[in-house]
Amino acid sequence: MPLVKDGKLAEDGWQKVDPEATSMPSGDRLLVTLDQWTEHKVELCKRGGAFGVRLSPDHGPEEIADDLVHFDLVALEFPAFTDGRAYSHARLLRERYGFEGEIRAVGDVALEQLLFMHRSGFDAFEIASDSAVEDWETAFADIDVFYQPTADGRETALQARRRS
Amino acid sequence: MYRYDEFDRKLVTERAEQFGRQVEHRLSGKLSEEQFRPLRLMNGLYLQLHAYMLRINVPYGVLSSTQMRKLADIGRKYDKGYGHLTTRQNMQFNWIKLEETPDLLRELASVEMHGIQSSGNCIRNTTADEHAGVAADEVEDPRVYCEIIRQWSTLHPEFSFLPRKFKIAVTGSPHDRAAVKVHDIGLILDRDSSGHPIFEVIVGGGLGRTPFIGKTIREELPPSELLAYLEAILRVYNRFGRRDNKYKARIKVLVHETGAEEFRRLVDEEYANLKGGSLDVPQDEIDRIDAYFAPPDYAELPDECAALDAKMGENADFAEWVDQNVACHKQPGYAIANISVKMPGHAPGDLSSDQMDALADLADRFSFGEMRVTHRQNIVFTDVRKDELYGLWQDLVKLELAAANLNLIGDVICCPGLDYCALANARSIPVAEDITKRFADLKRQKEIGPLELNMSGCINACGHHHVGNIGILGVDKKGEELYQLTLGGCSHEDASLGVRTGPGFTVDDIGPAIETVLDTYVELREHGEEFIDTYRRVGMDPFKEKLYAAR
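For the protein sequence lines, the chains are A and B, in the order given. 129 is the number that this note's numbering gives to position 143 of the first sequence; each next residue is one higher, with no gaps. 451 is the number that this note's numbering gives to position 438 of the second sequence; each next residue is one higher, with no gaps.
Hints should not be assumed to be uniformly reliable.
[What the hints assert, rightly or not] Derived lysine to any residue pairs resembling SDA-like cross-links, with alpha carbons at most 25 Å apart: (1) B:Lys324 with B:Met356; (2) B:Lys23 with A:Arg147; (3) B:Lys43 with A:Phe126; (4) B:Lys110 with A:Glu98; (5) B:Lys288 with A:Asp94; (6) B:Lys259 with A:Asp52; (7) B:Lys180 with A:Tyr133.
[What the hints assert, rightly or not] The following residues of chain B were derived to be distant from chain A, with all beta-carbon distances above 10 Å: (8) Asp18; (9) Asp21; (10) Glu30; (11) Arg89; (12) Glu125; (13) Ser132; (14) Trp165; (15) Pro236; (16) Lys288; (17) Glu298; (18) Asp322; (19) Ala435; (20) Leu455.
[As the list claims (entries may be wrong)] Beta-carbon label-pair distances, calculated as ranges: (21) B:Asp489 with A:Asp53: 52 to 58 Å; (22) A:Pro65 with B:Glu539: 54 to 60 Å; (23) A:Gly34 with B:Arg34: 46 to 52 Å; (24) B:Ala307 with A:Ala137: 34 to 40 Å; (25) A:Gly139 with B:Asp374: 44 to 50 Å; (26) B:Asp374 with A:Thr68: 22 to 28 Å; (27) A:Arg33 with B:Ala435: 56 to 62 Å.
Just so you know, these hints were derived from the structure itself, not from any lab. Glycine included, each C-beta is placed from N, C-alpha and C at the ideal position.
Just chain A, same shape as in the assembly (with noise of 0.2 Å):
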């Protein structure tokens, strides 16, 4: 599936550790479950590297928060584009917890969410899309007031209102 971050189609350059695997791979930059990381959490931070975690909407950032240090990457899932529970977490992974890492959308994954996933805190996007960067272009072209103060960094129409 096309991966894209900063609107350019990106290599994943992560391994995606079967969710069902019971011992992890060797290599570095894993992909691995909330359990999975609970379960190898010490072999894996012993071996050092990278790590990225997927976590499923049902299992909040408070979750990971301790473990944050750890981790390059934050995948949140989208089992559907109408279950919106991520744009939380992704909101307080950046707004309360201060990650800077990669957050990453995937799942069910279009270009119609993509701005407000985008202002929410996700900065990479795997789309099921053919043409995932023009998506993405899209995406961004339409809209361009925004009235939320989020940690995105576009400026709201209040504090414009205030700067004219």
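Based on these hints, arrange chain B on the given structure of chain A.
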């Protein structure tokens, strides 16, 4: 009223253009109906039984004459010459063609209107007291905060895919005309002991399949913290609201299952983190928006009006109308004129394009070019000089909009029902028409006294039947339309949910059943008692006995 600045205008224009492109893609086949559905819903476009329906937001019910004229045009150009006022202070058009919606939305944007978030699992149009800013009993004007909420909730990145739809209502008067206790969030604006505005925050009210009266989770919230507190509530709901069953997905179920105390704790925890941050509403922003709602240029008048008294003495019909439909105003010499859109035998809340145009002209002449849409599906002229009420009334008579039945049985709330709606189980408009004809005699209506009769064509309760003093719910029982009756509902500060009388009635029997209920009430009432008071005193049994005695 609030006027868009460059930012508001830009967003609505951009959104109309965006939707135009999405419609093109749908028509060319680039988008399937499945892919297109969520996009059109986010813009208020539903696919109904016979055609598309477009729901247009009227922010907190405030409408300018220019906007009303545009709605009249739209009714003529894109619909069959009429529109329908909804129970959420909006207007909807029932006969829309998909290929025409981009042009329609561009036209709407030109008068600062749109259908954004009038549908979908997001924060819907915020509703307010229809007499906001002018009611004699008002403590604080809720409109300024409604506008702050409008902006905050528009295209909210975190809350556009909630478990279910989300409705906020605000009032600033002790007498609740906005049904705040049966909304996902209800806000009551008041003043604290030192005279500063504060909100009481009520959550988890709602109608539908499982009705609840909301619970107060915060007594005194300062306005600067309003958005931080709302964001905390919405975040808790977005994260923990049920998504496994759409009938249990509203916040009322979360509040009920979690318990109000625990829910409050979760919100407070979130709020502690958000408070004092970038969501704080600065006082100068509140003042900036408040300036848009400054009172119009009232003439200095005495409150007594001899001309009005004289006309009321001369014309009994006019006197009836003033008596029933006109309410007290803050400003001496002015009055609030409630215009009933409930003519006997007509679909409740339907206005023809000609009527809309005429209302716009009358608003220009008599009420500073502004009007309100009410959740009881009527129109209000908020600022009419007492000495001009007679002139206004004469014109309303010509328009067939002078029914003196406000808050009487003729003033029914009614959803579109099976005549239009894809969700409905039963027709509601014909039943409402039958009842309004049955009780067309105004003298009889007045004898019965204040009464709210609400009717829904299905369990989703768009007609608010649970909080009608008398509620009617249309159901489908083995292919037959059946009408269940509830008594004792109330949507005001002493809100209560109606109780079912027993087995439902057929379409032919429901009218007579209402007659039986009202005869019973008239027989039992003590001096000066309204229907709801009598019901609360005597309970269900006497009504039940009479209703089912013959069975």
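Evaluation of the provided hints:
| no. | hint | verdict |
| --- | --- | --- |
| 1 | B:Lys324 with B:Met356 | holds (24 Å) |
| 2 | B:Lys23 with A:Arg147 | holds (14 Å) |
| 3 | B:Lys43 with A:Phe126 | holds (19 Å) |
| 4 | B:Lys110 with A:Glu98 | holds (23 Å) |
| 5 | B:Lys288 with A:Asp94 | violated (33 Å) |
| 6 | B:Lys259 with A:Asp52 | violated (34 Å) |
| 7 | B:Lys180 with A:Tyr133 | holds (19 Å) |
| 8 | Asp18 | violated (7 Å) |
| 9 | Asp21 | violated (7 Å) |
| 10 | Glu30 | violated (7 Å) |
| 11 | Arg89 | holds (30 Å) |
| 12 | Glu125 | holds (14 Å) |
| 13 | Ser132 | holds (14 Å) |
| 14 | Trp165 | violated (6 Å) |
| 15 | Pro236 | holds (15 Å) |
| 16 | Lys288 | holds (13 Å) |
| 17 | Glu298 | violated (6 Å) |
| 18 | Asp322 | holds (48 Å) |
| 19 | Ala435 | holds (19 Å) |
| 20 | Leu455 | holds (47 Å) |
| 21 | B:Asp489 with A:Asp53: 52 to 58 Å | holds (54 Å) |
| 22 | A:Pro65 with B:Glu539: 54 to 60 Å | holds (59 Å) |
| 23 | A:Gly34 with B:Arg34: 46 to 52 Å | holds (49 Å) |
| 24 | B:Ala307 with A:Ala137: 34 to 40 Å | holds (36 Å) |
| 25 | A:Gly139 with B:Asp374: 44 to 50 Å | holds (48 Å) |
| 26 | B:Asp374 with A:Thr68: 22 to 28 Å | violated (45 Å) |
| 27 | A:Arg33 with B:Ala435: 56 to 62 Å | holds (57 Å) |
The earlier numbered hints that this structure contradicts are 5, 6, 8, 9, 10, 14, 17 and 26.
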